[in-house]
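Novice: Here are the chains, one letter per residue:
Number of protein chains: 4
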Amino acid sequence: MNETLFLQKGQAFLALQPLSTLIGAELHALTPGYCELHVPVTEKNFQQNGFVHGGVVSYAADNALTFAGGTALGVPVVTSEFKINYVRPAVGERLIARAQAVYAGQSQAVCRCDVFTVMNGEDKLCAVAQGTIARLPAKNSST
Amino acid sequence: MNETLFLQKGQAFLALQPLSTLIGAELHALTPGYCELHVPVTEKNFQQNGFVHGGVVSYAADNALTFAGGTALGVPVVTSEFKINYVRPAVGERLIARAQAVYAGQSQAVCRCDVFTVMNGEDKLCAVAQGTIARLPAKNSST
Amino acid sequence: MNETLFLQKGQAFLALQPLSTLIGAELHALTPGYCELHVPVTEKNFQQNGFVHGGVVSYAADNALTFAGGTALGVPVVTSEFKINYVRPAVGERLIARAQAVYAGQSQAVCRCDVFTVMNGEDKLCAVAQGTIARLPAKNSST
Amino acid sequence: MNETLFLQKGQAFLALQPLSTLIGAELHALTPGYCELHVPVTEKNFQQNGFVHGGVVSYAADNALTFAGGTALGVPVVTSEFKINYVRPAVGERLIARAQAVYAGQSQAVCRCDVFTVMNGEDKLCAVAQGTIARLPAKNSST
Chain A
2 MNETLFLQKG
12 QAFLALQPLS
22 TLIGAELHAL
32 TPGYCELHVP
42 VTEKNFQQNG
52 FVHGGVVSYA
62 ADNALTFAGG
72 TALGVPVVTS
82 EFKINYVRPA
92 VGERLIARAQ
102 AVYAGQSQAV
112 CRCDVFTVMN
122 GEDKLCAVAQ
132 GTIARLPAKN
142 SST
Chain B
2 MNETLFLQKG
12 QAFLALQPLS
22 TLIGAELHAL
32 TPGYCELHVP
42 VTEKNFQQNG
52 FVHGGVVSYA
62 ADNALTFAGG
72 TALGVPVVTS
82 EFKINYVRPA
92 VGERLIARAQ
102 AVYAGQSQAV
112 CRCDVFTVMN
122 GEDKLCAVAQ
132 GTIARLPAKN
142 SST
Chain C
2 MNETLFLQKG
12 QAFLALQPLS
22 TLIGAELHAL
32 TPGYCELHVP
42 VTEKNFQQNG
52 FVHGGVVSYA
62 ADNALTFAGG
72 TALGVPVVTS
82 EFKINYVRPA
92 VGERLIARAQ
102 AVYAGQSQAV
112 CRCDVFTVMN
122 GEDKLCAVAQ
132 GTIARLPAKN
142 SST
Chain D
2 MNETLFLQKG
12 QAFLALQPLS
22 TLIGAELHAL
32 TPGYCELHVP
42 VTEKNFQQNG
52 FVHGGVVSYA
62 ADNALTFAGG
72 TALGVPVVTS
82 EFKINYVRPA
92 VGERLIARAQ
102 AVYAGQSQAV
112 CRCDVFTVMN
122 GEDKLCAVAQ
132 GTIARLPAKN
142 SST
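Residue numbers (the numbering used here), protein chains in the order written: chain A, 2 to 144; chain B, 2 to 144; chain C, 2 to 144; chain D, 2 to 144.
This is chain A alone, in the form it adopts within the complex (with noise of 0.2 Å):
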């Protein structure tokens, strides 16, 4: 499959979660073990101080750690568990999840992702994760 394909089809796939289009996270690129996901700033993701709220952040870095991780195994995946540290407020017009597979097998990848946030154009790092994506076990089996 082409890279434009590959990354519609990604796109198409998150049109389907309905909190991801609540949210407003957008697709930027995607390939095999490889994930850019955007989450424009709007007041709706605030919290109480007027920075992004913490779950907007974990929700980009889940789901790109999913993208990075699904795209890896090439199979329908869950997200196992994750572990995230925020490093600075998140404040800005944008944030920036980059994810990316460190290492693939057969029924699992563990992935690694930065959180940016975009601010008058320059990138600052907000936050750090690392999880586990698993192949979604077969029907009437549970993990």
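Any given hint could be a false lead.
For chains that are exact copies, the list does not tell them apart, and a pair is met inside one copy or across any two.
As the list claims (entries may be wrong) - Straight line, CA to CA, 20 Å or less: simulated SDA-like cross-link-like pairs of lysine to any residue:
1. Lys125 x Val79
2. Lys125 x Gly106
3. Lys10 x Val103
4. Lys10 x Val92
5. Lys125 x Val103
6. Lys125 x Ser108
7. Lys125 x His39
8. Lys125 x Gln101
9. Lys10 x Thr32
10. Lys10 x Ala30
11. Lys10 x Gln101
12. Lys125 x Ala16
13. Lys125 x Gln107
14. Lys125 x Pro77
15. Lys10 x Arg99
16. Lys125 x Arg99
17. Lys10 x Glu123
Hints are computed from structural coordinates only; laboratory data are not their basis. Just so you know, these numbers come straight off a predicted model, no measurement behind them.
With chain A held as given, fit chains B, C and D onto it using these hints.
Specialist: What follows is chains B, C and D alone, placed relative to chain A:
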């Protein structure tokens, strides 16, 4: 402060977070070091396959951890980091996140959270989380 | 299998791990999904400041999580991942790691662990951990 | 301070940790915010099946994260928390943990670590870690 007033202050705080309003979160219990946060499941929280999106589950865990840690410390806080393991698909009518501080020092609290889904009146564990809630650094300093 | 025999099998298993012998770990309780592992504090476990080295605390948490998950699943396992928060310096006569499975499926278990230090007969929480224990994949396959 | 002296000070520090001596850890590189720690594989580090015990891998990750964070912050530190994903069995002649700070503020640094095994001269990723290194609180205060 009595318990009802304490909970009401927490609910007022939650209402200041546009993302929490967007997701429909409700604070059902709040005491120093303990929090119970509910998220009624509606279509907007779904991901592509009809389950609640993992981002909603992690939002609930993150916010519950922060309320537990913030009330344990008794000062303005930020979530420093957390980790979540998803153990079952989030299906059902409602998510319930119960978090409590297991340690509170001068500058940070370590908290755990169980997230349950309620289906036909039955609670099932769907995720477990653990994280660090840090006292918000004074103005003009960075964490 | 009766409880005593189950514990004895676990102790025999622990004795096969040179690192565990080196560190001096002792298995004090083992039932399906639950484990209590002790590490007597001696000078060799110290770090530079006279506290028990964090590596010993994480070893104890990791191994206890694995015993809890392995006995919950009832099959050969590996630790897939874990996370640990250190909450107090590990001082005292003994570390006690208590781990239990909070979920067990077909291919993995999610477990939590509390690590205590015992000083003058009093237990104090020194670390909390959470992780995934996975069924060992069949030969000739990779995870 | 020149690079050689900086590394020598780190090596002298490592030599003060009885556990590190016991495990046989060696500091091969150290600059502010970066650390490379080696652990030659010997029988004493094994677990029951001839692999290096996960506890040795997590020890290496934990210690490398701490050196990276401590040198990034330039003050006495403690490991606050970390998370590790094991991706391949640790077999081979040597473990190499490479850690670097991805963020350093006033009171804490967030670091990542890759742990490789070296077998027949070839490096293979065996674990990835991420954690928080915190400035040691002043005497008479608790974290």
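Novice: The structure should be examined with respect to each hint, and the outcome stated for every one.
Specialist: Hint-by-hint comparison with the structure:
1. Lys125 x Val79: Intra 29 Å, inter 18 Å, cutoff 20 Å: inter-copy only.
2. Lys125 x Gly106: Close across copies (14 Å), not inside one copy (32 Å); limit 20 Å.
3. Lys10 x Val103: neither (23 Å within a copy, 33 Å between copies)
4. Lys10 x Val92: Neither: 30 Å inside a chain and 26 Å across chains, both beyond 20 Å.
5. Lys125 x Val103: between (22 Å within a copy, 11 Å between copies)
6. Lys125 x Ser108: Classified as between: cross-chain Cα gap 19 Å, same-chain 34 Å, threshold 20 Å.
7. Lys125 x His39: Cα proximity of Lys125 and His39: one copy only (14 Å, versus 32 Å across).
8. Lys125 x Gln101: both (18 Å within a copy, 17 Å between copies)
9. Lys10 x Thr32: Result: close within a single copy only, 11 Å intra versus 44 Å inter.
10. Lys10 x Ala30: So Lys10 and Ala30 pass the 20 Å test inside one copy only (11 Å; across, 43 Å).
11. Lys10 x Gln101: within (18 Å within a copy, 35 Å between copies)
12. Lys125 x Ala16: Neither, since 27 Å and 29 Å both go past 20 Å.
13. Lys125 x Gln107: between (35 Å within a copy, 17 Å between copies)
14. Lys125 x Pro77: neither (32 Å within a copy, 24 Å between copies)
15. Lys10 x Arg99: Answer is within; shortest intra-copy Cα gap is 18 Å, inter-copy 36 Å.
16. Lys125 x Arg99: within (13 Å within a copy, 23 Å between copies)
17. Lys10 x Glu123: For Lys10 and Glu123, the Cα distance exceeds 20 Å both inside one copy (29 Å) and across copies (37 Å).
The structure fails hints 3, 4, 12, 14, 17 (numbered hints given earlier, in ascending order).
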